[in-house]
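Grab the two chains, each in its own frame, and use the hints to assemble them into the complex.
From first to last, the protein sequence lines are chains A and B.
In this text, residue positions in the first sequence follow the working numbering: the first is 51, and each later residue adds one.
In this text, residue positions in the second sequence follow the working numbering: the first is 25, and each later residue adds one.
Careful, some of the hints might be misleading.
[What the hints assert, rightly or not] Partner residues are not named here, just some residues of chain A that face chain B (Cβ under 8 Å, in silico):
(1) Leu-66
(2) Leu-67
(3) Leu-70
(4) Ile-78
(5) Arg-86
(6) Asp-128
(7) Ala-129
(8) Thr-133
(9) Pro-135
(10) Gly-146
(11) Gly-150
(12) Ala-153
(13) Glu-228
(14) Gly-230
(15) Leu-260
(16) Tyr-261
[What the hints assert, rightly or not] With the Cβ distance kept under 8 Å, some of the chain A side facing chain B (calculated, not the full set):
(17) Pro-88
(18) Gln-137
(19) Ala-213
[Stated by the list, open to error] Using C-beta positions, here's what the derived DEER-type ranges look like:
(20) B:Arg-89 with A:Leu-288: 21 to 31 Å
(21) B:Gln-144 with A:Asn-199: 22 to 32 Å
(22) A:Trp-60 with B:Ala-128: 51 to 61 Å
(23) B:Pro-116 with A:Ala-131: 48 to 58 Å
(24) B:Gln-215 with A:Val-64: 37 to 47 Å
I should point out that these hints are in silico values taken from the structure, not numbers from a laboratory.
No experiment lies behind these values; they were computed from the predicted model shown.
Glycine included, every Cβ here is placed at the ideal spot set by N, Cα and C.
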Amino acid sequence: MRVYMSPRSWALVVALLVVLLAIAVVAITTADQGKRPPFLQEHEPITHGPSRPPVPSGGLLRLAGSGSNLPVTRALADAFASTHPHQRVLVHESIGSTGGIRAAYDRVIDVALVSRPLKEDEQGLGLVVVPYARVPVVVAANASVVDDNLSLEDLLSLYAGEATHWSDGTPIVVLQRERGDSSHMAVTRSVPEFERVNDRAYREGRWRVLYSDSAMQEAIAGTEGSVGLTDLGAIESLRLPVKVLRVNGVSPEAATVRSRAYPFVKELAFVTARVPSPASAELIAFARSARGRAIVRDGGYIPPDELEGLP
Amino acid sequence: MIHHEARSPSVDLPKYLAARMLPLAVLLASVVAVSAPLAYYVLGMRALQAEVQSAAEQASRTISREASDRPNLWRYDSIKLVEHLRAYRTSPNITWIEVVDDTARPIGTTPRSELDALGQRSLLWASAPVTIHAQEIGRVWAAAETKPVRDGAVRLLVPFLLLGCGLASLMYWLPIGAVRDAEKRIAALFQSLEQSQIALAGLNESLEREVSVRSRELSLAYEELKRKEERLRELSAKAIGLQEGERKRIGRELHDSTGQAMTAIRLQLQIIRERPETSEHVRALAARAIGLVDSTLEEVRRAVAALGPAILHDVGLGPAVRRLADDFSERTDIKMGCTLDGLPDGLPAAVETACYRIVQETLTNVARHARASRVSIGMVAIPERISVTVEDDGIGFEVETSLRSDTHGLVGMRERVELLGGAFELTSSPGRGTRLHVELPLMGS
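Same shape as in the complex, but just chain B (with noise of 0.2 Å):
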């Protein structure tokens, strides 16, 4: 969240920016408006007295050769030549020619009126000397007019002023411009940051107030889950030991009544077979009833051992896994690695009957598919839940291929330990050998 306070400027931008351009401007004003003249009038000066020097050595070398020519009388030889240089100066700058002698007296006939008005004139003034020989005899003075350089000079200052003006206000506004506009757009956006800033907020505590309520819900929906779960699993241990139960008197009356009545009806027709008195006819009769009493006895303690592994009640889960372990070794030839740890007495029917079909099944697969040579099974019991581990180095399958065809009865297994409230976890890959772990909770079953 921004703070107003950090918008807030201590520093009047456009203010500050024009007090410190304003000098600036001012010498860039005087800077182009002096400086373009000034250079006019000392460049054009430094033309004019060149061209004024050119006329005078000009005129110069002219009136040389002539002297050259008349030693004595030059000086009056040269004056019409003097005077045609003077009326027919090469260059409309030079404004005068005047020729003097060795006692440097013009040698022209101008009058002292108008060499006094020349003095009066401001005039850029040039020499070259007259020579005979090397000697000097006299010299040429060329003249030429500053004024127009001057007036061309002042002229410049005015437009050059303007120019310097137009280019300071450019510097001086131009900035101050773009700094006012950019802290117009600053402000807007500043403000537009806070309307932001406020509706974030609200839709922040909005947000925030619906997460809470959908929280709460949640978390009421999860506990009520929870409970329904909780409720379900108890329900379902309830109905696997009800069930277990069931199997249990089930078979036991199989086995003490029917197994009884059977085995009575078999003494008493082995009796009736065995007396001397008994017909053959009747005897033959007797050892086919005996034979069908038989098959039904053995038909008998195969249900009973399908209802539910007697073993378990007679030597608990440790001792039945172990004999199983034993017996599937006998029976397979397959090395077997058994670990019972800290397995208690009176774990639930249910617990105990789930542990014992979880290794019973698993070891009919690794019979009939696994091709391996050796299994392992752990089983560790601690207070709140009991683990069973079942390992082989078989040729391993599918996972997800055997789930979904249920080709090994895994999913039986699944729904049995889900049931239950446990987790179950099949580790295998062709080749990699397979892990079955299965936890399931002690409390509460």
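Only chain A is shown next, with the shape it has when bound in the complex (with noise of 0.2 Å):
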């Protein structure tokens, strides 16, 4: 019986077969490099200390932290600054209240402004809360809108884009926060359905999502149709050209917040070091004081000795 088996034949695929192999380790080891980012190498725990050295303060008491305390604490740096003609006070701009925790953490700054409770994460920094306004947060409207009360059904409407127009036609425009914002927050500790709609929102990109307080405020102010929300201090102290909305026909404000009858309300806090420095504790000391709370009375918010019991 003849033998027709081809060595040479053999030979060959087998070498072509180990080109194609080549190829495909070097394809696939190509396809995969990528450069590794340098943090995933180190092993200190980020939450162990400061990020960053302590920044001098200079004499300085430097302030940042949430939008929504802003126009309060300005009010209140101001009369403090009045009457500590020696110390200088610094209220940055906008951070958000985790930018705010993180810069205190790292001493970036002395005080951190909040408007929300602190995570969980944020509870292990070693800092210390201390609350000194609560302020209703309330539906915004553009000014040119002309409905005025909302029930708390048509608010998640709004935000799940069940409703599309307001009474007289207009298309209305929803502004959203970041997520973990702290008037989302309110509200959501309040109506928890808020939070599912107001996420879903956000996955569909349903719509247009702002970052600050004042962005926000900006946004309703200049934006037809708009609706959106924000605080009742900082409109109030800024005198923003909005409309305010009832919720369950309900006006926000301190009598309504103090009565209860109004459901969303949010809290403002300093946070600083466990230890904070001597400019920071007078500040809150300021601020707590009676004349603090006029203050804060006056700009539209609610001393926290006033609404005890609130969440």
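Structure representation (structure tokens):
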């Protein structure tokens, strides 16, 4: 019986297969190549200490944080500076509650301004929270909007995109803050369903998202048919040309908050190191003093001791 | 005849082909199985890389804008932005977005454990700088999971391996099947060819036998026919010879006895007429009787001439033909050419008479119909045969028509030649003259 095996053909095939394998290996390794970020190689836990060296204050009392805190804090800072001429006080533009807490932790600032409770991971940073005001979170609309009242269901419909026009036929433009915003959290505390609706709107990219209070306030004032969440203190302090809507027929004001008829409210607080600087301690003491509380009250805010028991 | 050795294959073609095709089939299966998943993986990774890079650049642009507004506190201000970008990233493939400051430390609040977990995962990273006035103050890192691409490529392996095996099987089996089929057909053809060859050989043999038998029969028949023809020719020649001899004898009898008796009667009558005592009445009767005798003598001479040309006996064929030609020329004023070559004495009487009669008949036809100005006669004898040719430059005629209607005595001429076993050839056409050529055999005559 004849043998028809062709060793040369097999050798050629094996050679080609080896080449193919080599190409595959090269292609896979080159395709998989990616520079790994340096922070993945670090092993020191970032929660064990400030990430940056402290920045010397130079005698300046530095405050920064949530935009919701800014109007009343600036009023307090001005009053504090007038009574403490030796002390210079600087209130930065909004960096958000989280940014304020991180900056205070890093000692880049002296006092953080927060408009929400500390998160779980922030509670372990060894910081002290001192509330100094509460403020109604309002549903603010562009001045052109003809409607002046929303039910809670209406609010959910707005964010869910189900209600698309105001009663005069103007298209509704919802403006959202970023996830974790204190005003949204305040609404969620009263209407848990709001979190789901809000989150879905984020995911679907349904509405424009703004990352600061000032941006939100400017957008509401400047966008026809717009509606968004902000706080009453900012509106009154800054005399913003926006329309504050009633919720379930209740106007957001100190009296309705105190009577708990108005559901949305958030707490403004200072956050400092466990042992605050003397200037910080003085400022906090001033804010909680009678004069400070009067300034808070005059700004449309509610001093904390007048609303005990609120979440 | 195709021999069996010619088709006995020294190579088992299907096995040979299988041995050649198997490496190719293996190669094809391997290439198909590996190529598509590999291409999927490489292209998928490239697309992912582009997507990650795009996500990093998009985030870096957003954060750079924020940083431009807050050069001192941007890293704190951007935390919520980063968290938002991370939570609501535009592409589901983007797994993580992290921003680091100028010390390369993350600005967010991501726990170390989560970063460590990220380090354990198979992620594709890309970065883009965060800049203020073109100065890098941080960097955005975006990551995407490579597992889906890898899993997709692995998932493709099985179907493409199956596809490769399928294609390889097709490539392997189709030609082998075709070759086997062809081989079967060729074998069947060879078998059929063999049977045909056997049948053909048998047929050939039988045909050869049949042809041989038929040839032999034909040959015998031909021989028989030839013998009969020869015999017939001999008999014909003999009959003609006898006929000519009989004619001669009758002619001689008429000439010798009847002619001489009539001549004697005439002399007697002439004597009676010229005697003085013969009365006028008797003289007149005698004169009338002399006239009757003269006309009878003339009839006898004509009959003798018709029975056979006596001149042949007197002078022979050659001089007789020459005299015939001379008489013809003198009588018709047509120029004559006469070529007589090698005519021997003692030719068979039938042949001599036939030759003489043919020339005589032909010249008569020329005189009557040809309107010729010149006639030539050729007569040549060689040991086996004698040929006679008579040509004129006359108006010619349609040979076939004349033969059919027998207007010129041509049929009788041809029959006479054929009875003697000769060949008769007449060539003529209107306006082109006429040529008669006759060949008569001398052997056995």
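Numbers of unmet hints, in rising order:
6, 7, 8, 9, 15, 18, 19 and 21
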